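Protein chains in written order, with this note's numbering: chain A, 1 to 299; chain B, 1 to 263.
Be aware that one or more of the hints could be misleading.
What the hints assert, rightly or not - Derived pair list, reagent style DSBU-like, types lysine-lysine, alpha-carbon separation capped at 35 Å:
id: 1; chain 1: B; residue 1: 111; chain 2: A; residue 2: 110
id: 2; chain 1: B; residue 1: 263; chain 2: A; residue 2: 148
id: 3; chain 1: A; residue 1: 129; chain 2: B; residue 2: 68
Claimed, not checked - Footprint (simulated), chain A over chain B, 3 or more residues, beta carbon under 8 Å:
id: 4; segment: 1-7
id: 5; segment: 204-210
id: 6; segment: 255-263
The hints are simulated quantities; they were obtained by calculation from the structure and are not laboratory data. Owing to the predicted nature of the structure, the values given are computational and were not obtained by experimental measurement. Virtual Cβ for every residue (Gly too), placed ideally from N, Cα, C.
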Amino acid sequence: MDNAIQTTALSKKYGKKWAIRGVDLEVPRGSIYGFLGPNGAGKTTTIRCLMNFIRPTKGIANVLGVDSQDDAKFIHKRVGYITGEMEYYDNLTAKQYINYMGYLQGHLDKKEVSRLARRLKANLDLKIKTLSRGNKQKVGLISAFQHKPELLVMDEPTSGLDPILQREFVDMVFEHKKAGGTAFISSHFMMEVEQMCDMVGFINKGRIVEVLTLEKLHEKSIHEFDVMFEKPATKEMLTGVKGIKEIKLNDNFMHCHIAGSVDGFLKAIAKQPVKSLRTRELDLEEIFLKMYGKDVPNV
Amino acid sequence: MFRTPALKTLYDKRWVILAWSLGAFIMNLVIVIIFPDFKNPQLVEAFKSLPESLQAFSGSLDIGTISKYLDSQVFFNNGSFIFWILGISIGVNLLSTDEDRGTLETTLATKVSRSRLYTEKFIAMFFIFLVVNIVSTLGIWLALFIIHEPVSAVRIVQATFMLFIFTALLGSFSFGMGAATGKKGLSIGVPSLTLVVMFLLYTFSQSVDWLKNWDKITWNYYYSRGQTIINGIHYVDLIILLVSILLFFILGIIFFNKRDLQK
Chain A
1 MDNAIQTTAL SKKYGKKWAI RGVDLEVPRG SIYGFLGPNG AGKTTTIRCL
51 MNFIRPTKGI ANVLGVDSQD DAKFIHKRVG YITGEMEYYD NLTAKQYINY
101 MGYLQGHLDK KEVSRLARRL KANLDLKIKT LSRGNKQKVG LISAFQHKPE
151 LLVMDEPTSG LDPILQREFV DMVFEHKKAG GTAFISSHFM MEVEQMCDMV
201 GFINKGRIVE VLTLEKLHEK SIHEFDVMFE KPATKEMLTG VKGIKEIKLN
251 DNFMHCHIAG SVDGFLKAIA KQPVKSLRTR ELDLEEIFLK MYGKDVPNV
Chain B
1 MFRTPALKTL YDKRWVILAW SLGAFIMNLV IVIIFPDFKN PQLVEAFKSL
51 PESLQAFSGS LDIGTISKYL DSQVFFNNGS FIFWILGISI GVNLLSTDED
101 RGTLETTLAT KVSRSRLYTE KFIAMFFIFL VVNIVSTLGI WLALFIIHEP
151 VSAVRIVQAT FMLFIFTALL GSFSFGMGAA TGKKGLSIGV PSLTLVVMFL
201 LYTFSQSVDW LKNWDKITWN YYYSRGQTII NGIHYVDLII LLVSILLFFI
251 LGIIFFNKRD LQK
């Protein structure tokens, strides 16, 4: 399949430390690819290589069929780029900023800008310096989407967005995919990636640890449950339940981690009177630990 | 409103341009307007009796005529010091500050190439220097009109042009250094230190024997020795200054295109 992004042994060294080493990525055209890793794993470094903001020490980053170092202009024209920590021209209004970036991009669709502003409930008449982080992020999203790019490259794009806007963002990415576009989205939230992506690449300490399809990811994903029963909890309650990674019992209380489908677990506990049930998504560091048994080695 | 990095730069710097232009205008107006007080023959003699090194340090103190006064006090002494600061501060601000803030990366995420951004900012910088120089010269004209001192208009234009080129050289140094390294501290420090060393070298080479020919490695020599307001433009000097600007432009763009952006 034709890849929108393909990196081969991509490596970047700062001083004596490798920020990323031997990163091989294949992002098929028309897919939504999640790039998942804890803070400092190498996600931003990889993305900055793709965007030609930094030069790889070794390896190749090919974006939309072009080596990122050979023709960054070709790539940038076709890419919508946003990061969670993007810096804006604070002295401009949101509208001035979006217009300016549109002119630089060589494509400014004012109708699309208005449509996106309405959709994200963004006030474009305010100066950027007066906006909250979330509202600045809306401006960045409008700027990244308005020129209808072939490829979205996004580094933790939802940080600062409230849950309603995060949902809106997910819908926008789906619409982008429906229109034939590709998205490469880095995140350190498993749930965000699960919602959107067809494929997920895990990176830790500068190396790609594993690449999973969404199906495989669901099989491997781990949910934590705290259950309070009416009667004392026993291990036998979960007889035949698949994917139990961890279980702790204390009188009527049960704490357990379930990998993959939680259907069997929920059916099993429902056979007993349940007083309360609490579930939580594991954070990425915990997921890495559970999925790979131990922390991945340093590069 | 603005569709290019050059126009955006000029928009961002509009108040800076206004403040510098007004400041330079008033400075020149005041310096020239007090010239009649310096025409006093006793004062001129007193200045002439000062040691040569001190005269050189303050710009020539042979200021008995308006042309010599302008050359020494406006275009060499005060003028060049003020325009040093203008050159370096604007040169630093246009690229290094953007990079420090992270907005450089934002701009370069569009289809604008590094070369285009660099060149447009460079042009905008030249335009800023040109405006400030022109407005500052209007201060000279107004003062000359008030004190009824005739000076060749062509020579004033020529001297202003040379000062503009000198400012542009300092700006190019600072701008090129910032573009090449991405380090704001270096792009202020290295040009400032270089200029101070050059100024001292140029000044003391006129009175210290063993430094006699060292002034030729300073830009001050090529900027000042022709005394443009008295003799007109010395074209060899102009070319040397222009080549230096071109060199900084080329080195800056080469390194800027090859290096990593700072985060």
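Going through the hints against the structure:
For the proposed pair residue 111 of chain B and residue 110 of chain A, the alpha carbon gap of about 18 Å is at most 35 Å, so the pair holds. The straight-line distance between the Cα atoms of residue 263 of chain B and residue 148 of chain A is roughly 27 Å, inside the 35 Å bound, and the hint therefore holds. As the CA atoms of residue 129 of chain A and residue 68 of chain B are separated by approximately 50 Å, the hinted pair breaks the 35 Å bound. Only residues whose beta carbon comes within less than 8 Å of a beta carbon in chain A count, and the segment 1-7 of chain B has 5; three or more means the coverage holds.
With 0 residues carrying a beta carbon less than 8 Å from a beta carbon of chain A, the segment 204-210 of chain B misses the three-residue requirement, and the given coverage is violated. Against chain A, the segment 255-263 of chain B contributes 5 residues with a C-beta closer than 8 Å to a partner C-beta. That satisfies the three-residue criterion, and the hint holds.
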